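Enquirer: So the chains spell out like this:
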Amino acid sequence: MLKRFWPWFWFLVGATYFLVPLYATLDFSLRARRGELSFAAYTSVLNDIRFIESFMFSLQTALATIVVSAIVIVPTAYWVQLRLPRLRPVIEFFTLLPFVVPAVVLVFSLARTYSRTPLTDSREGLWVLLVGSYVILSFPYMYRAVDTGLRSINIHDLTEAAQSLGAGWFTILTRVIFPNIYVALLSGAFITFAIVMGEFTIAALLAQPAFGPYMNRLASSKVYEPSALAIISFALTWAAIAAIQWFGQGAQARVAGPR
Amino acid sequence: MAPLTQTKTNQSTVTRRSLSWTWVGVAPFFLFVAAFLIWPTLSIIGQSFLDQERRLTLQNILELGHPFIVSSYVYSVQLSAVTAIGGGLLGGLLAYAITIGGLPRPLRDAVISFSGVASNFAGVPLAFAFIATLGQLGVVTQWLRSIGISLYPAFSLYSFWGLCIVYIYFQIPLMVLIMAPAFEGMRREWREAAESLGANGWQYWRYVGLPILLPSILGTTVLLFGNAFGAHATAFQLTGGGSQGNVITILIGAQISSDALANPGLGNALALGMIVIMGISVGLYTWLQRLSARWLRS
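From first to last, the protein sequence lines stand for chains A and B. Heads up, the first sequence is in the working numbering, so the first residue is 1 and it goes up one at a time. Heads up, the second sequence is in the working numbering, so the first residue is 1001 and it goes up one at a time.
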């Protein structure tokens, strides 16, 4: 037992660091009414129309991001494995660039470069920039997930079989490749979902009515509601990661999203 | 001789043509990356060498030497270094404990799963969690006060060390996620070989274990540095994000809404400095991971 002392010790230190803030936040969020524990902070947040609006906005943005990211990444990853295997390191390099260009620099560059164009002068244009930046942020996860999924099926045989039956490229991608990597794609989609739902920097600097900026503003007027939001947000992240592990692709979120 | 040359030419034409068609398949990806990442970033880098009349100048770069900006960079570098080393140490020890430390398997799986969540739990909600924990009204602050220890005003969550504590929360899980597989890649035979030659535990770690793991540990610590250096939302929520803030990302963010420094060129130079530092740390990480891949099974 003594031999295991240090492993147990470091495990307990880590567990304390991880769990105390979560416990404290939960405890704090239940104290909105003096002298009793209640879900008052939660009902107050969930009934706030701005919560629902910003949440729905971020939900739509997340779905748009996932769809665009999949449309770009699936054909690319498929094509690279089928015809251009030597290009894989190049693609990987580009998908990893968001770690070199942090979110704040990315949004700064986009805002400066496209200033006085329809992209920054209109509501729709700014939303395009928002989704575009999120798609860039999603590439590392989506590419890795799809690439792993493609490697687990024999795309050469599937492609040849489909071609011999007269299928074109669009049919092959949508009716042969996509159904086969659907589960792998989901793990990339869930991590993208978790990132987009809580993202603050890009949304705030593009003045978008997203969930992150809403949380930020709430802190200046409320005391207990922010901690309820933190718990909701943690539950959301946890659900997204649990979904990835549930689908069993094992695509761990190695390098995390924007801070 | 002549026919042979001709066949060769024909062949190369065919390959070239099919090659160019092959490239069309990856065009959408490159166009997207160009429009939303490469072109904007390169244009910012380029513009940081241009003055307001678009003439070549080094003035913007030189202005980075302004004491206010230097102190922001130094603050961010210190914050990132302290949290990379602190988070790396704690995360590394935790990764060691759950892998070769011999703790029960379910604990390992629980820590790995939790790390997956915690490394993505950052930004505004993480700041909220720590305000509820260590803020003036925070649960831990109140509890400590009830046993006679008052954290405030000696400590503040909004100070340098407060930020460090919050950042380490997302640094530890990242270290665990990257180092746990590295520890698991250490082969049992190495330890057995060392022991059969008479090495004790300390000697094994000093001459075998640590040298093998060192590139991996250093590389991941460098990655943690970049991870903290690029962080914006967490610091913004905690410090209020005024342009007088110390963190460099907040200073860059403030350039979008208002030219707080009254010089657009300087904003570009700030972003360039950030890209250079991030590029160096990601490059170092990649190089060190490659070194360690020689020994460790992935």
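Read the hints as simulated data drawn from the structure, not as lab findings. Note that the structure is a prediction, hence the values are computed from the model and not measured. The beta-carbon is built from N, C-alpha and C at its ideal position, and this holds for glycine as well. Heads up, a few of these hints could be off.
Claimed, not checked - Taking CB as the label site, the calculated pair distances span: (1) A:T117 with B:E1053: 17 to 25 angstroms; (2) A:W8 with B:W1287: 32 to 40 angstroms; (3) B:V1024 with A:R4: 58 to 66 angstroms; (4) A:R4 with B:N1200: 30 to 38 angstroms; (5) B:V1024 with A:A235: 53 to 61 angstroms; (6) A:V90 with B:L1058: 28 to 36 angstroms; (7) A:T117 with B:S1146: 24 to 32 angstroms; (8) A:A15 with B:R1054: 23 to 31 angstroms; (9) A:L96 with B:I1045: 12 to 20 angstroms; (10) A:V183 with B:S1146: 44 to 52 angstroms; (11) B:F1155 with A:A15: 34 to 42 angstroms.
Stated by the list, open to error - Which stretches of chain B does chain A cover? Using the computed rule of at least three CB atoms under 8 angstroms from a CB of chain A, they are: (12) 1063-1073; (13) 1086-1094; (14) 1145-1154; (15) 1198-1208; (16) 1227-1239; (17) 1265-1274.
Claimed, not checked - Not close to chain A: a few residues of chain B, all C-beta gaps over 10 angstroms, as computed: (18) L1103; (19) R1105; (20) S1113; (21) W1161; (22) E1189; (23) R1290.
Enquirer: Each hint: holds or not?
Expert: Going through the hints against the structure:
1. A:T117 with B:E1053: 17 to 25 angstroms: Given a distance of about 22 angstroms, which is inside 17 to 25 angstroms, the answer is holds.
2. A:W8 with B:W1287: 32 to 40 angstroms: holds (35 angstroms)
3. B:V1024 with A:R4: 58 to 66 angstroms: holds (59 angstroms)
4. A:R4 with B:N1200: 30 to 38 angstroms: violated (18 angstroms)
5. B:V1024 with A:A235: 53 to 61 angstroms: Once the Cβ atoms are compared, 44 angstroms apart, the range 53 to 61 angstroms for A235 of chain A and V1024 of chain B is violated.
6. A:V90 with B:L1058: 28 to 36 angstroms: holds (32 angstroms)
7. A:T117 with B:S1146: 24 to 32 angstroms: Distance hint for T117 of chain A, S1146 of chain B is violated at roughly 58 angstroms.
8. A:A15 with B:R1054: 23 to 31 angstroms: Given range 23 to 31 angstroms: violated, Cβ gap about 57 angstroms.
9. A:L96 with B:I1045: 12 to 20 angstroms: Holds, since L96 of chain A and I1045 of chain B (Cβ atoms, about 18 angstroms apart) stay within the stated range.
10. A:V183 with B:S1146: 44 to 52 angstroms: holds (51 angstroms)
11. B:F1155 with A:A15: 34 to 42 angstroms: For A15 of chain A against F1155 of chain B, whose Cβ atoms are near 23 angstroms apart, the range 34 to 42 angstroms is violated.
12. 1063-1073: Violated: only 0 residues of the stretch 1063-1073 of chain B have a Cβ under 8 angstroms from chain A.
13. 1086-1094: holds (count 4)
14. 1145-1154: violated (count 0)
15. 1198-1208: Not satisfied, violated; 0 residues make the cut.
16. 1227-1239: Coverage by chain A holds for the stretch 1227-1239 of chain B (10 residues, Cβ < 8 angstroms).
17. 1265-1274: This one holds; 4 residues, not fewer than the three required, reach chain A with a Cβ under 8 angstroms.
18. L1103: violated (5 angstroms)
19. R1105: holds (13 angstroms)
20. S1113: The claim is violated: S1113 of chain B sits with its nearest Cβ about 6 angstroms from chain A, within 10 angstroms.
21. W1161: holds (15 angstroms)
22. E1189: Nearest chain A Cβ is 21 angstroms from E1189 of chain B, so the label holds.
23. R1290: The claim holds: R1290 of chain B sits with its nearest Cβ about 12 angstroms from chain A, beyond 10 angstroms.
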